[in-house]
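J.: If you want the building blocks of each chain, they are given just below.
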Amino acid sequence: MSTRLGDLVERLGGRLIGDADKQVVGIAPLSDADASHITFLSNPKFRTQAAQTRAAALILSAADDEVVGPAYPGARIVAANPYAYFARAAQYFALLNAHVPVPGIHRTAFVDPEAQVSASASIGPHAAIEAGAWVGEDCVIGAGCVIGRNARVGAKTRFHPRVTFLDGCRIGERGIVHSGAVIGADGFGFANESGKWIKIPQTGAVTIGDDVEIGANTTIDRGALADTVIEDGVKLDNQIQIGHNCQIGAHTAMAGCVGVAGSAIIGKHCTFGGAAMVLGHLTIADNVHISSGSMVSRSINEPGQYTGFYPLAKNAEWEKSAVIVRNLPSMREKIRELEKNIKSLGEDKE
Amino acid sequence: MSTRLGDLVERLGGRLIGDADKQVVGIAPLSDADASHITFLSNPKFRTQAAQTRAAALILSAADDEVVGPAYPGARIVAANPYAYFARAAQYFALLNAHVPVPGIHRTAFVDPEAQVSASASIGPHAAIEAGAWVGEDCVIGAGCVIGRNARVGAKTRFHPRVTFLDGCRIGERGIVHSGAVIGADGFGFANESGKWIKIPQTGAVTIGDDVEIGANTTIDRGALADTVIEDGVKLDNQIQIGHNCQIGAHTAMAGCVGVAGSAIIGKHCTFGGAAMVLGHLTIADNVHISSGSMVSRSINEPGQYTGFYPLAKNAEWEKSAVIVRNLPSMREKIRELEKNIKSLGEDKE
Amino acid sequence: MSTRLGDLVERLGGRLIGDADKQVVGIAPLSDADASHITFLSNPKFRTQAAQTRAAALILSAADDEVVGPAYPGARIVAANPYAYFARAAQYFALLNAHVPVPGIHRTAFVDPEAQVSASASIGPHAAIEAGAWVGEDCVIGAGCVIGRNARVGAKTRFHPRVTFLDGCRIGERGIVHSGAVIGADGFGFANESGKWIKIPQTGAVTIGDDVEIGANTTIDRGALADTVIEDGVKLDNQIQIGHNCQIGAHTAMAGCVGVAGSAIIGKHCTFGGAAMVLGHLTIADNVHISSGSMVSRSINEPGQYTGFYPLAKNAEWEKSAVIVRNLPSMREKIRELEKNIKSLGEDKE
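Chains as they are written, first to last, in my numbering: chain A, 1108 to 1457; chain B, 1108 to 1457; chain C, 1108 to 1457.
Honestly, the hints are just simulated from the structure, not real lab data. Just so you know, not all the hints are guaranteed correct.
[Stated by the list, open to error] Lysine to aspartate or glutamate pairs mimicking EDC-like chemistry, simulated, CA-CA at most 20 Å apart:
| hint | chain 1 | residue 1 | chain 2 | residue 2 |
| --- | --- | --- | --- | --- |
| 1 | C | K1263 | C | E1280 |
| 2 | B | K1375 | A | E1300 |
| 3 | C | K1447 | B | E1440 |
| 4 | A | K1450 | B | E1444 |
| 5 | C | K1263 | C | D1317 |
| 6 | C | K1447 | B | E1446 |
| 7 | C | K1427 | B | E1424 |
| 8 | A | K1450 | B | D1455 |
| 9 | C | K1450 | B | E1446 |
| 10 | A | K1129 | A | D1141 |
| 11 | B | K1306 | B | D1274 |
| 12 | B | K1375 | B | D1393 |
| 13 | A | K1441 | B | E1424 |
| 14 | C | K1447 | A | E1454 |
| 15 | C | K1306 | C | D1334 |
Model the full assembly from the supplied sequences, consistent with the hints where possible.
T.: Structure below.
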């Protein structure tokens, strides 16, 4: 399905320079775009490539437009943030082609008579919605999802197939939860008594804000007493584990395989690279950025980028360096000895 | 639902000092508790805070009671292990408020005619129980669970929604398996032939003892020939991977995201911090404690705490130290040279 | 069910020395095998043990046969690759005892009228197959699986229970996908605008070749524009995360908990140890082997074994070495100073 360039800009904003009647069908990268595509320039180092793209239209910043505009024959859309504009334009095209699930409850789904499901919501095959659950307007609940007792799903939130959203958990509006995610399993809490573990019941829930996205097979545990809290706009990738009673600040994003142990309090606008790990009961300030594969073992009070992983090397080289790492204390001892010896040699000389 | 303090102590033990007729509704932390709560003191450094809590009753040790007792106006429950007592009291209150699933098979569940399900078990919506499977008394099998052919679920074991428990696997009594866990998928076994992988069929199963808890989206693979074994009282958090033919000793606990490669033999009463990893075919003694984020690359014969992760730093500092880590062999060479030079300087002097 | 040794060799090849009429029931390791088993010798260091095995027959190489053959009283099967022969023999026995799912659609499954399911395929309880999906001959789709719109599953491919295979994804023939795997969830793509994340729709899919095996709870994200690609013969263990637009080369194998960030291009015949991590947009050559727990933070152009994890130590020792690791730049400074001092001492002497 194609759309008129002028209609797109009318909806998304920005300044159009060129033919508003051009028809475009979608977005493509600079190198792949043809005359039916829009493309975008978000990094000035690709200006030369942008000037040569065959795309029908180019989204770019005012600064880049000064340089690229004169050389590029197609239409231009000048925007403050070309990458965000690209994202919105891509959403626009995706919506044109999206399959829209039909409202209503699939005949194979089970909805408890004491659950409340909005008439505009779509409930997929073999979904189960337990007593007291509440599913808002325009929600899409995919095949095989389970929504527990007294759980609450805000309007326009979408659960892809096979999400588990357990008793008493809440998610706000416009959320997206991907397949296999488990929200509200018990936190990991035990008291040790003579070597055996006594379970501490987990009676809190999970509270999730608006505009949150949760990746496939990600798990967020319910709190022990109070709730685990995921604030507005948080984006979690796949295979993430969030322990009980964590608090993840608004608009923080975590890449795949991150783990956050229980009761960690994480600030707003943080980013976590893949497989980063956070120990329990730590506090992390706003605007902290943790590199992939790094272990956060103490609280962080100052914004900035933090890293901690062992550098990769050919195995034979790693073996040599790793042995020395283990013996660093003796190396330091040797250096201290050398210092003493040199000092004594110097003094002898005087 | 409230309960009389005297009734609680009669059931759970401990020595009650104070009004046995007080009514309490639940447990709360020292700082949050009000006159309807019990609270607990498990760490002497909070004695001052404990003396000031507004709770109706305080669980504490005899030693702490000597100090705190005289200052605290409420009732006291003196117990040998206040934290374990708290856990049991919390269980007591949780049970008062818990939703009890109705025995019977949900009309949307599928139970093969050749499966055996105890009449007291509760089988949730869209669960599937295959031929030859056996589900014991008072079991709760949640919505969307799959129990494979000839699998066996011991009495009072609870599967939360969407657990997969595959052919021939067995779990004992009073187990808890959380949503998304997969027990009994094939172990990862292949023979390489001219660059292609030939699958080695995995014909063992998984045998799980009594009182085991398995976290959300955790996976335990079936053995290649013999079974993978999880002994009594083991507690596994979320997102854990246990490879084929592993043996996890009784009462060992693993935090989230731990990975254990195939054929590792792990002792009893061990603990593993989050994201710790164990290579295959290793043996780990009883009472070994592995810190979070640590890679266990050799067998451990001696109890104790073991650690191995790169310390976190500001990214710029990490970059400097990481370069040196890679060049440690040349640094050691330089130190050896210095030693020689100093020695020769010293000898020259003589 | 037992089988005649001669029949097995006729089917699998190799040279049989000994009684072709012997009946065998399965495979067992050297130490456990009895007179009803075949066993195998793939590592010359077990020659002595092999000569003493009680197995009915021994699979071994021609070189090992020269040494072991004269001493071993049972039958021998001489094969070019005894370990691969063992794998095939084990498959043979596993098939004899395997439960064969009945073709047809389970009465509790939902198959959209616009989906195409081969008559020889078996669709399990509560499976859901959406409009436009295509399921080939002899496929087995387990209980609770979800196959999205226009997805395509090649002949003889088996999905174990509770696999999610989303819209438009494709897998070739003879694939195996284990329970809880999620293929085709959205890749993790967002544009940041004034601190908020704008979703970049993920409109590619996942394309998977023939003979691919995908582990339990593994996730493979759909591409942003083009597809994520998994080539023929790839073997992925459990709990793996493959980001959007990755390309995994043919016959590459990854152990559990590996993470590959978006747009990484990985060569053929690579292996990844457990919990290895690969950053996004990297390129890794063919025949690269990454050790467990290693972070790949740059492209690798040369085949070989690469490693990068912090060595494990007793916690007290780790604490000492880790402090020094963080202070390595100052240690290097000190060494430079020592060099200067020694040089100046040496010059003074002249």
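J.: It remains to establish, for every hint, whether it holds in the given structure.
T.: Status of each hint after checking the structure:
For the given pair, K1263 of chain C sits about 6 Å from E1280 of chain C by alpha-carbon distance, which is consistent with the 20 Å threshold. Distance restraint check for K1375 of chain B and E1300 of chain A: the Cα-Cα separation of roughly 15 Å lies within the 20 Å cut-off, and the hinted pair is therefore satisfied. For the proposed pair K1447 of chain C and E1440 of chain B, the alpha carbon gap of about 16 Å is at most 20 Å, so the pair holds. At roughly 17 Å between alpha-carbon atoms, K1450 of chain A and E1444 of chain B fall within 20 Å of each other, so this suggested pair holds.
Only pairs whose Cα atoms come within 20 Å are accepted, and K1263 of chain C paired with D1317 of chain C is accepted, the gap being roughly 10 Å. Simply put, K1447 of chain C and E1446 of chain B have alpha-carbon atoms about 14 Å apart, close enough for the 20 Å limit, and the pair holds. Simply put, K1427 of chain C and E1424 of chain B have alpha-carbon atoms about 18 Å apart, close enough for the 20 Å limit, and the pair holds. Proposed proximity of K1450 of chain A and D1455 of chain B is supported: the alpha carbons are some 16 Å apart, at most 20 Å.
Restraint check for K1450 of chain C and E1446 of chain B: the C-alpha separation of about 13 Å stays at or below 20 Å, so the hint holds. Of the supplied pair hints, the one linking K1129 of chain A and D1141 of chain A holds, its CA atoms being roughly 13 Å apart against a limit of 20 Å. Distance hint between K1306 of chain B and D1274 of chain B is fulfilled; the C-alpha atoms sit about 19 Å from each other, no more than 20 Å. A C-alpha spacing of about 5 Å is found between K1375 of chain B and D1393 of chain B, which places the hinted pair at or below 20 Å, so the restraint holds.
With a C-alpha separation of about 24 Å, the suggested pairing of K1441 of chain A with E1424 of chain B is violated against the 20 Å cut-off. A threshold of 20 Å between alpha carbons decides the hint, and for K1447 of chain C with E1454 of chain A the separation of about 16 Å falls inside it, so the pair holds. Proposed proximity of K1306 of chain C and D1334 of chain C is supported: the alpha carbons are some 18 Å apart, at most 20 Å.
This entry does not satisfy hint 13, going by the numbered hints stated previously; all others are met.
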